[in-house]
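2 protein chains.
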Amino acid sequence: MRYKRSERIVYMTQYLISNPNKLVPLTYFVEKFKQAKSSISEDVQIIKDTVVKEGLGSIETVAGASGGVRYRPQMQREEAEAVIQEVTTLLQEKDRLLPGGYLFLSDLMGNPTLLKKVGKLIATIYMEEELDAIVTIATKGISLAHAVASVLNLPVVVIRKDNKVTEGSTVSINYVSGSSRKIETMVLSKRTLKEHSKVLVVDDFMRAGGSINGVMNLMAEFKAQVKGVSVLVESKEVKQRLIEDYTSLVRLSDVDEYNQDFEVEPGNSLSKF
Amino acid sequence: MRYKRSERIVYMTQYLISNPNKLVPLTYFVEKFKQAKSSISEDVQIIKDTVVKEGLGSIETVAGASGGVRYRPQMQREEAEAVIQEVTTLLQEKDRLLPGGYLFLSDLMGNPTLLKKVGKLIATIYMEEELDAIVTIATKGISLAHAVASVLNLPVVVIRKDNKVTEGSTVSINYVSGSSRKIETMVLSKRTLKEHSKVLVVDDFMRAGGSINGVMNLMAEFKAQVKGVSVLVESKEVKQRLIEDYTSLVRLSDVDEYNQDFEVEPGNSLSKF
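Going down the list, the protein sequences come from chains A and B.
According to full-length UniProt numbering, the first sequence is numbered sequentially starting from 1.
According to full-length UniProt numbering, the second sequence is numbered sequentially starting from 1.
FYI, nobody ran anything at the bench for these hints, they're computed from the structure.
Some hints here could point you the wrong way.
One copy or any two copies: either way a pair holds, since identical chains are not told apart in the list.
Below, in silico cross-link-like pairs of lysine to any residue (SDA-like), each with a Cα-Cα straight-line distance of 25 Å or less [stated by the list, open to error]: (1) 37 to 49; (2) 190 to 256; (3) 4 to 257; (4) 116 to 20; (5) 161 to 92; (6) 161 to 175; (7) 22 to 183; (8) 32 to 164; (9) 236 to 196; (10) 48 to 28; (11) 32 to 77; (12) 227 to 26.
Make the full structure from the sequences, and use the hints.
Structure, rendered in structure tokens:
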């Protein structure tokens, strides 16, 4: 079966786009298309030019025997602004405020189209970090963590607040919840994270940062290095935050539970674009 | 800015592949490329031919004012066999068996590359069903549900076994766990699922089917129609299963907890290809 250039380009584009941050050996395409390496390289160049021109990211070419091509997605500032605006508009809907100053976020966390965009935004910020895993806290952080991980081509590690038989042997820590001051427990399966891993922590909501601080302590037990913390929504109300270095998409402020009123403004993520 | 055909094809391919099951108006491409509709249609035809030829699915063209093009991914039987083989090999690793005949699955459920494939496999089976949402049970089903939902372009609805303030007002049911015979509770936020929705239930593991049966009862409270049930692993040991109509990727049998031994065989999913 002979392939025309246009056919090769369709196939290679879909393959690279479907496998972000994965090094694909050029020989894979050479063998599939039974075509000289020089032609395949020309195809790659065409894809590369368009990807760059359209601000979709970059196509890296790694030379040598273990080399190949890799698609590294990237979000442009304009698109990041649009995503943050979309999240803001969604959050400003009525009746989202819950007792205790929490926000109802389950619909956002269950929306794959929105999550893909938010995941790409967060992945873009941490693209240059050397990372081994994305760490999150059950339950609502999971879908967001996967959205980020799928762009960065990394595994997701889920910390639980309860211990289940299905986790196998675990390491647990106790921590003080930043807002309620209650002592809670966090549990992580030993098998899901190698010692000395470099991780990015992703979660849906941060108030005082007690949970994230718990994650930090648990990561210390695994001798892991936390290279970043990123949340969808941070609550600005908190005076003394336990975590200083983090990125957030949006920031919640002026929460008035009685009148179901609050403000949403862009977080500090935008400054990274 | 003028675009060459090859550039348009790269852009359109990446756009359609990144937005599966979404109807994209042709005018979107016409305006972006400032090109006649006839040229754009020719571009679409080239993409369509390659997508079909390579067994990647289909590109549907919907005529009329509200029409456009839609990429419907599809997995071929050969690829489905390879995915099931990959899952089987992973499950056969030592030390996966946990007390009570459960399997350690957290690493699989945290692997985005594997989940993309499994999600595409399950999505292919239910592609022709009219669906409004993917329903799953926290915690481990979430990532798999999102992998399926992202192919079908549907929202994910997460049922919890505990009640959290962040869920807002909820509906709950009690059910009897199929294996332990204990009474447990399931909770679903009222706002996450519209009444009379058509849903596909996705989970990681099924033994007697008590949890899934609980989901069925909870769906009845929402007047929802369950159009299918799909699990990654089913346990064959169970004599009386509460759920009859489901698909599974793999089947676990001959579980010998004492000797840490068990068999993994393909489930009934393959018969759908």
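We went through each hint and held it up to the structure:
1. 37 to 49: both (18 Å within a copy, 24 Å between copies)
2. 190 to 256: Answer is between; shortest inter-copy Cα gap is 23 Å, intra-copy 42 Å.
3. 4 to 257: Classified as neither: same-chain Cα gap 62 Å, cross-chain 55 Å, threshold 25 Å.
4. 116 to 20: both (13 Å within a copy, 12 Å between copies)
5. 161 to 92: neither (29 Å within a copy, 29 Å between copies)
6. 161 to 175: Close inside one copy (11 Å) and across copies (23 Å); limit 25 Å.
7. 22 to 183: Neither: 41 Å inside a chain and 45 Å across chains, both beyond 25 Å.
8. 32 to 164: neither (45 Å within a copy, 51 Å between copies)
9. 236 to 196: neither (32 Å within a copy, 39 Å between copies)
10. 48 to 28: Answer is both: 17 Å inside a copy and 22 Å across each meet the 25 Å cutoff.
11. 32 to 77: Between copies only: 19 Å across chains, 37 Å inside a chain, cut-off 25 Å.
12. 227 to 26: neither (32 Å within a copy, 42 Å between copies)
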